[in-house]
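Participant: Residue strings, one per chain:
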Amino acid sequence: MHVEKIVNYYEQSPEENTFMDIMADITHKCNMTCKNCYIPNRDVPDMDLEKFRDFLSRLDGRCMIRIVGAEPTMNPRCDDYIKAVFEFEHRCILLTNGLRLAHKSYVDKIHDSGLRHVYLSLNGVDNDDWYEAIDELRCAEKKISALRNLKKRKFILDTGTIIVPGVNEDAPGALLELFDKENINNVLMRIKNVGQLGRYQTEVDDNVKLNQLVKLCAEQMDVSEDYINSFRDAKLYGMYQESNSILFPLREGNKVLNRGRWVKITNWDTDNESGIPDPNSQRRGRITENFTVAPLYEHIKMNEGGY
Amino acid sequence: MSKTRNAIKKIAIDRLSIELTDEIIDSGKAFKDIGVDSLDAIELVVSVEDELDIELSDERLDDIENIKQLADYLAEFD
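Chain order of the listed sequences is A and B.
Numbering-wise, the first sequence is residues 20 to 326 according to my numbering.
Numbering-wise, the second sequence is residues 2 to 79 according to my numbering.
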């Protein structure tokens, strides 16, 4: 651990919060054992719901609360955490591996809680060999069932795919083929490299770099590298892009985020002095064990192997 | 009162906690000036489609910059 290099660590009370996006790790339990996991410690108790509600009630301004885990659906009261977010008039997205969302009844349940936006991890797309190599589970069928259930209930859909060298470098194109097949036309595909935090399978030196991610997407998604790179510093929706990300629509001229097909390429590599992705980011925070808010990546690094 | 305009108002208050009066809608103010950002806007669109069982055109949506334009487009489905 290189805590001495993390120069920008701080915590804020909910009233002082300045982060737009706040990660709420409502459980550290998981039903998968992915080879890339930034919080592999399973011994931490579930987040206290009442303390979470108190936290939400004290936040200054409306925030995007990212309900996350390990696997958030492993918390039996996941829907109650979601309801709490809406009760206090914040926004909510659920980040999930989707195994439980393969059951229509579970998708109905989270829809009933008010949730409309889901981030589904699709590291293997529809390829069981890729899932086995990255996530240690042949789960393509369940992932596709989850996709279908989410489409039926008209959820706003983000997908997440980690590109692992030598395994799934063809994933960007495979995602498009899958979405064509499943008639999924509105989606934000988040493509990233391996982050060297917690448990990971690719060292910094072997990792796919940001420029290579751009190249892979350009080659497989029928857009040019110049087109993708033109969005590097573009101001979209009144905000500049995050320094480690490139967000762009596949259809030129599309102005409506999450409508049509969008791609967000993110550099999760830790090839910098701090050893974390996107050091000094002021966009994403994380709820700490003490119900304060800390910068996401800095907090993960400070607590690596712990919380 | 049009069915689609009522749907926008209901969804704005239920989902976004934003009260949209006819005056606000007809003012032609940009989304951001009434507290609706890009994610709110897509949630509004998706929820309206779901509620009214309609499908809006991506190309038409590209040209919509304020709540009045959205309301006018939706009125075509009344």
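Errors might be hidden in some of the hints.
Unchecked claim - The calculated lysine-lysine pairs, modelled on DSBU-like cross-linking and capped at a C-alpha distance of 35 Å, are:
(1) Lys10(B) - Lys170(A)
(2) Lys69(B) - Lys161(A)
(3) Lys70(A) - Lys228(A)
(4) Lys4(B) - Lys70(A)
(5) Lys54(A) - Lys161(A)
(6) Lys4(B) - Lys161(A)
(7) Lys4(B) - Lys173(A)
(8) Lys123(A) - Lys30(B)
(9) Lys274(A) - Lys33(B)
(10) Lys171(A) - Lys33(B)
(11) Lys4(B) - Lys54(A)
(12) Lys30(B) - Lys200(A)
(13) Lys70(A) - Lys200(A)
(14) Lys102(A) - Lys228(A)
(15) Lys171(A) - Lys69(B)
(16) Lys234(A) - Lys173(A)
(17) Lys4(B) - Lys48(A)
(18) Lys228(A) - Lys128(A)
(19) Lys10(B) - Lys173(A)
(20) Lys4(B) - Lys102(A)
(21) Lys69(B) - Lys70(A)
To be verified - To give a feel for the contact side, a few chain B residues facing chain A, derived at Cβ under 7 Å:
(22) Ser18
(23) Ile19
(24) Ile35
(25) Ser39
(26) Glu52
(27) Ile55
(28) Asp59
(29) Asp63
(30) Glu77
Quick caveat, the hints were computed from the structure, so don't treat them as lab data.
The model shown is predicted, which means the values in this text are computed figures rather than measured ones.
We put the CB at the ideal spot given by N, CA and C, even for glycine.
Participant: For each hint, tell me whether it holds in the structure or not.
Facilitator: For each hint, the structure was consulted:
no.: 1; hint: Lys10(B) - Lys170(A); in the structure: holds (25 Å)
no.: 2; hint: Lys69(B) - Lys161(A); in the structure: violated (42 Å)
no.: 3; hint: Lys70(A) - Lys228(A); in the structure: violated (40 Å)
no.: 4; hint: Lys4(B) - Lys70(A); in the structure: violated (41 Å)
no.: 5; hint: Lys54(A) - Lys161(A); in the structure: holds (19 Å)
no.: 6; hint: Lys4(B) - Lys161(A); in the structure: violated (39 Å)
no.: 7; hint: Lys4(B) - Lys173(A); in the structure: holds (21 Å)
no.: 8; hint: Lys123(A) - Lys30(B); in the structure: violated (40 Å)
no.: 9; hint: Lys274(A) - Lys33(B); in the structure: holds (14 Å)
no.: 10; hint: Lys171(A) - Lys33(B); in the structure: holds (30 Å)
no.: 11; hint: Lys4(B) - Lys54(A); in the structure: violated (51 Å)
no.: 12; hint: Lys30(B) - Lys200(A); in the structure: violated (40 Å)
no.: 13; hint: Lys70(A) - Lys200(A); in the structure: violated (44 Å)
no.: 14; hint: Lys102(A) - Lys228(A); in the structure: violated (39 Å)
no.: 15; hint: Lys171(A) - Lys69(B); in the structure: holds (29 Å)
no.: 16; hint: Lys234(A) - Lys173(A); in the structure: holds (32 Å)
no.: 17; hint: Lys4(B) - Lys48(A); in the structure: violated (45 Å)
no.: 18; hint: Lys228(A) - Lys128(A); in the structure: violated (39 Å)
no.: 19; hint: Lys10(B) - Lys173(A); in the structure: holds (20 Å)
no.: 20; hint: Lys4(B) - Lys102(A); in the structure: holds (28 Å)
no.: 21; hint: Lys69(B) - Lys70(A); in the structure: violated (41 Å)
no.: 22; hint: Ser18; in the structure: holds (5 Å)
no.: 23; hint: Ile19; in the structure: violated (10 Å)
no.: 24; hint: Ile35; in the structure: violated (14 Å)
no.: 25; hint: Ser39; in the structure: holds (4 Å)
no.: 26; hint: Glu52; in the structure: violated (10 Å)
no.: 27; hint: Ile55; in the structure: violated (12 Å)
no.: 28; hint: Asp59; in the structure: holds (5 Å)
no.: 29; hint: Asp63; in the structure: holds (5 Å)
no.: 30; hint: Glu77; in the structure: violated (18 Å)
Checked against the numbered hints given earlier, the structure breaks hints 2, 3, 4, 6, 8, 11, 12, 13, 14, 17, 18, 21, 23, 24, 26, 27, 30 and satisfies all the rest.
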